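K.L.:
Fit chain F with the ligands to the known structure of chain A by using the hints.
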Amino acid sequence: MERRDFLKKCIMVIAGASVPLSALTLVDPKKVLAANPSIQWAFLVDTTKCVGCGFCVKACKTENDIPLNANVTRTWVERYVYTKDDRRYVDSPKGALDGYTDARIDLGKGEFKEIDKDNVGKAFFVPKLCNHCASPACTQVCPVGATYKADNGVVLVDRKWCIGCGYCIMACPYAARFFHPVLKVADKCTFCYHRLSKGLDSACVNACPFGARKMGNIHDKNDPITQIIMNERVGVLKDEFGTKPQAFYIGLAQEVR
Amino acid sequence: MVGQIAQHAMEVHGEAWTIKELFTLPNEEIYWSIQIVMYPFMTGLVAGAFVLSSLYHVFGIEKLKEIARFSLVFSFALLPVAMMPLLLHLQQPFRGIHVMMTPHFTSAIAAFGFVFSTYGCIVATELWLVYRKYFVQTALELKAMKNRGTIDNLRCLLFAALTLGAWDISDEAVEKDHKACKIMAGIGIPVACFLHGYAGFIFGSVKANALWMTPLMPVIFICSAVVSGVALCILCYVVVQEIRKFMARRKIARWAKDVNAPTVDQLEGAKHEEVMIASNYLMYFMIAALTLEILDLIFRGYTQVKSWDILREVIMERDFTKIFVMQYGLGNILPFLIMVLPGRTVRRTTIATILVLFGVFMMRYNVVIGGQAFSLSFAGFMDYELPIIPHNIETYKEGLLGALTVAATPFVLFYFINKVMPAFLKEEEPTH
Ligand code: SF4
Ligand code: SF4
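Going down the list, the sequences are from chains A and F.
Numbering-wise (the working numbering), the first sequence opens with residue 27 and increments by one.
Numbering-wise (the working numbering), the second sequence opens with residue 16 and increments by one.
You can take every hint at face value.
Derived DSSO-like pairs (lysine-lysine); straight-line CA-CA distance at most 27 Å:
hint, chain 1, residue 1, chain 2, residue 2
1, F, K222, A, K264
2, A, K210, F, K222
3, A, K84, A, K135
From the derived model, a few chain F residues whose C-beta atoms are all more than 12 Å from chain A:
hint, residue
4, Y411
5, A423
6, I432
7, A438
To be clear, the hints were calculated from the coordinates, so they are not data collected in a lab.
Remember, it's a predicted structure, so these values are computed and weren't measured experimentally.
Every residue, glycine too, gets a C-beta built ideally from N, C-alpha and C.
For reference, chain F alone in the conformation it holds in the complex:
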């Protein structure tokens, strides 16, 4: 036994942000808070970014070449972050590794570690295949360099190591790389979808939760994942290109000083085309996601099973603003209109992508928090108040700051990964 635990007032997990109303069961709190909102949101971004990059690699949509490479690197930066919210929400984060040690396969979360690692390996392999030539070239260049400094020495070592001893960059070898890359991307798509559909299954299979339990959940999650991933890639691509344009104009970066460096106009032209095509795909997936979500809603409203009374009150009244105004209005319909009206520009598309990202985030929020907004007694409600100013580690982790930490990490990672695998690598000859 525990020994005598002090019998004084103490806060239980979830109490800090849960407001209970009417009849809720004594043990009910919002146990899954903002980090569990972040979890499907981040995995969705990973999966979506990868799918976008595969459009080029597998289906050979040439026009997406640059954004595809960018997405691949970015999805690698997002990858470790998909794990972060899960770890942050655990009550015993140091035991997280138990999932890998004693996976209990009847649980939908148990295989997550494995699916996730498999997926990580695929992305890493694909990246390596894409960048192997660059690694070799850089390593050789550095080797040939006279009077190298410490940093150059280190870089030389790093790139030599990254080649993994495969120094052959003859045309045939590179061609082989491309073939292998295509295969990896081909395997990657179903795995990426699985990774995310699986996140949907984690919720969809909770039979105790009337809002979550639907077999549509995994499919809805996959579609919205692709939507969010594509949107984020377009957004980041535009932003990074803007920064590059700025650098090209001012000749700040090392690459910008090069004689062959792309001019501002070239950058602008490339950007326009890629963004337009990618945003078309964005719209297709948005239609699919929205259709499924609305179907789910209509079905619930039409069949009116026992839980509908309370669900209706949550969906139509209590969470009306969050669902219909923020998620569907601002996050789906408005950006769709922005993109579909004639004369679409990059700027308009960029604004639309921001709204889309917001919309997908709200969808995750409405699923995760909305699913806990009503009591299992069907006679009471719970409201989640996002802790903004943390007063202990728990309210930090499961509050605004924790969510922002998770959201910011991929960008930091991208900055470093980009140093080793430049997302905007200029290639002399067309690859394929």
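Bound-form chain A, shown alone:
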């Protein structure tokens, strides 16, 4: 719970205690908060601005103590290349930790594919991260309730309670989760909760030199990010799973999965 939330609840309880008993039922702090939750974080990715430099990935790993060389990452960037002869190539070597410095496509198993420059139809980058879904599949399946959605919309993992069963990893349709290689518990993007609560931007938003990543409070109608989400054409990833993702994308291609 954030300190502000706590204080708020305290005040409400005190307020509740100071009125006659019959009025007590009216002041249920939880209900009041639920009806008027002040903050719901949402993410906005502008794929048209992303150049695949991978600064966000590096910043995230450093900020959140995910070993740089371990092949897991809280956020990653995918590269899509469509050739004129109607073939599609996608890759994301090391989650784009070092950026896309190689024009060849990584096919896995140490193989690479050279693509003729003149044959490239369109190509673009898509940054990805946990969508902090409104009805997350991951929290539903956790057998011990170690992963949960906080009041401000951020989906978190309790590292002290996670038993490491991996069910949430299996349940997330976006492969946003992994086992932390050192701590041996489920791990994922937290929207840099620790920074948000200090009023800072998340590490990746901060690191992106092109403004491809933004965050906003979707419950604040005047928030510029909320304005974009409300007024412009944005999409979400894999909405068929019904998880109601809260990461919105500008310029999403249909083939991006």
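P.N.:
Positioned in the frame of chain A, the structure of chain F with the ligands alone reads:
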């Protein structure tokens, strides 16, 4: 926060056995490996063994009497082992108990502990009811014994404790036991099916996984569970009977020296009949299981939803040998033919049961590993390489040796349980 974690190369969970090909998402690995294959396989055996024993207890199929008792004891030996693979695959095994402390009931695994314990209690109660008379008799015999040694003293104490103070073995009391036993077995069947159908639900409800997500999953799991349980019971029954025959011939064991001990021929005759009947049931369930599995496959092929392209490649090409040759061919059709051709013998049936067990194992394997064989991007593949020689605790637990440890445990347990509750108890008067 964690403090500074060393920023050097390190292996993440699953990397040791996953081979990625084409476009797979960075965090994708085969997170659920061989232990999760063992988990439904073992629970299936438990449930199946229990269902076989209930055929006698509930439906009174007399001819299955001996194998039923054997199955009951065996399913008790299998019981703790159903939990083992789950614990072995946890990244934080010591926190496993959290599932019982803070169960989060929207999760399909959360209630497993409870269903499992309920089921354990039912099996234990039933066993106690079946063996109470034997406990009392043994305890009384031991008590009457003069100059008991330390071991006899201990056994006396153990059996006296096992009676739980119910020393009445008059005919009425024993009759009551039988009635209660029947009721317990009756309750046990749905619980056993639930236990296993539930394992199916754990997979079937993962909406992110195109291969797993089907409402048929629990039913398929139950049918194949019964198949594997019955097959294992027949197999073990035949093997144990062979050992007993050997002992009877050589008069090795204590019971074999008894004047009333069953002769080799008697053992052989009893075995033949029980095995034949049990294998009939085995075939019925095999038909049911196979029908459902094929239905699922046909349905996917026919409806061709978005995921079918990648599933088809996995099922029809990459895992073709594992699915059609090993699972369906060797594990279903061949044993079925072996059993259905005229002149079925115990030996032939035994060979068939081994194949059936293999087939069910492959089915679990193809579901669990096959479900992770393709990327969520639908554009890449992952292959599982079973770690054979472990180089750390992880590759032991989730490798061949870990699986073998799990597979061997029930037999060790059975050996000890059998000392206290002999699966082949000779009874003077017919019980029922
Ligand atoms: S993206 Fe995955 S991990 Fe993140 S909230 Fe949604 S289901 Fe959970
Ligand atoms: S890995 Fe941890 S957070 Fe994920 S479902 Fe299991 S216990 Fe919950």
